[in-house]
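**Student:** So the chains spell out like this:
Protein chains: 2
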Amino acid sequence: MTTMETTKTRERGPRNGVDTPTLFATLDAVKAQPDLAKFQFRVTNRWVKGTRSRSRVEPFQGAGGEQRHKAEYEYDADHPAVLVGADDGPTPVEFVLHALAACLTAGLANIAAARGITLTEVRSTVEGDIDLRGLLGISKDVRNGYERIRVSFDVKGDASPAELQALVEQSKNRSAVFDVITNRVPVEIEVRA
Amino acid sequence: MTTMETTKTRERGPRNGVDTPTLFATLDAVKAQPDLAKFQFRVTNRWVKGTRSRSRVEPFQGAGGEQRHKAEYEYDADHPAVLVGADDGPTPVEFVLHALAACLTAGLANIAAARGITLTEVRSTVEGDIDLRGLLGISKDVRNGYERIRVSFDVKGDASPAELQALVEQSKNRSAVFDVITNRVPVEIEVRA
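Which chain is which? The protein sequence lines are V and E, in order. My numbering numbers the first residue of the first sequence as 1 and each following residue consecutively. My numbering numbers the first residue of the second sequence as 1 and each following residue consecutively.
Read the hints as simulated data drawn from the structure, not as lab findings. It is possible that some hints are incorrect.
All copies of an identical chain are treated as equivalent in the list; a pair is satisfied when it fits inside any one copy or across any two copies.
Below, computed lysine-lysine pairings styled on DSS-like, alpha-carbon distance capped at 27 Å [stated by the list, open to error]: (1) K31 - K172; (2) K156 - K38; (3) K156 - K172; (4) K140 - K156; (5) K156 - K70.
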């Protein structure tokens, strides 16, 4: 959503379950008071057993204060049996694929609403290729993480194929998770032991 | 887990819920047949309404064949109310923090078992700072994703503080999700519309 777009589509009402007027009002509020845009998300995790752990999504900072999700969210992750885990949850790397699909899709719905496009269906498949010789320490020439990720979208709505494709393109251009995966984020690790 | 370590600790039994002998046997199998290490993880996602979508973790390829988790996993994600979402799930970026904590913790448990260290507690907190002016398209000088992520571990077990700290260090060095976040992964997006 560029500024031009915002101005052009300012008159539009809610669409796709997106409250577009409130979204535009939020953009205006953040433009006037940039500190509202500073967010901090937080997760706590505890080891359960073997390669299994459980994370809890914690309250987050943003919009000028401490915010709580309306529900409590906890998620298990584990390694699969073929990697000598108990398979008591998806692998951590699968959650990365979920995050990417969900981020691109949420943005797409917002952008469609802002552009006055009604969506009828959005489906995607995300595939991540990984050679485990990296993380198993078997080969120094193989990276630990995904070598590549492919996302395949099916988008249906009341616009031309080119306009629907442009929604995905713009969503990619504004996606937090796409940025995290395709660009570097510095990670600091501290240990108390 | 370097080769030297593997050799040194080969006699050790299961520990921390990690079946260390089978883990070492798996390493040997992959060394002998590197194609076993080629994995592909997959998630499908469908848009629900507004910024909410739901992902399903699909069967994955690896260890020479198609693998199924022992359970079905589906996860919702949404934008929070302060971002004009319905808050019907955590945000996509929170799942990234979960993935990071879970990946580092799983690796830590494996490495501790391989080193003969019994863990009694592993807890972590992950915080991600993000300035939403990037993804909202308000400032070109602000990135879309996290500016930085901090992980704070508390590790307890029958080893010295230095040995426990070294577990986290080695887990970081072998973590798939740490690599995805701190290094670039190419992402290809294809759209059918």
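**Student:** Hint by hint, say whether it matches the structure.
**Tutor:** Hints, verified against the model:
In this homomeric assembly, K31 and K172 come within 27 Å of each other (Cα to Cα) only inside a single copy, at 22 Å, whereas the closest approach across copies is 38 Å. With identical chains, the CA atoms of K156 and K38 are never at most 27 Å apart, being 34 Å at best within one copy and 34 Å at best between copies. Taking the closest pair of Cα atoms, K156 and K172 come within 27 Å of each other only inside a single copy of the chain (17 Å); across copies the shortest separation is 41 Å, beyond that limit. With identical chains, the CA atoms of K140 and K156 are never at most 27 Å apart, being 44 Å at best within one copy and 30 Å at best between copies.
Taking CA atoms no more than 27 Å apart as the test, K156 paired with K70 passes in neither setting, with 30 Å inside one copy and 33 Å between copies.
The structure fails hints 2, 4, 5 (numbered hints given earlier, in ascending order).
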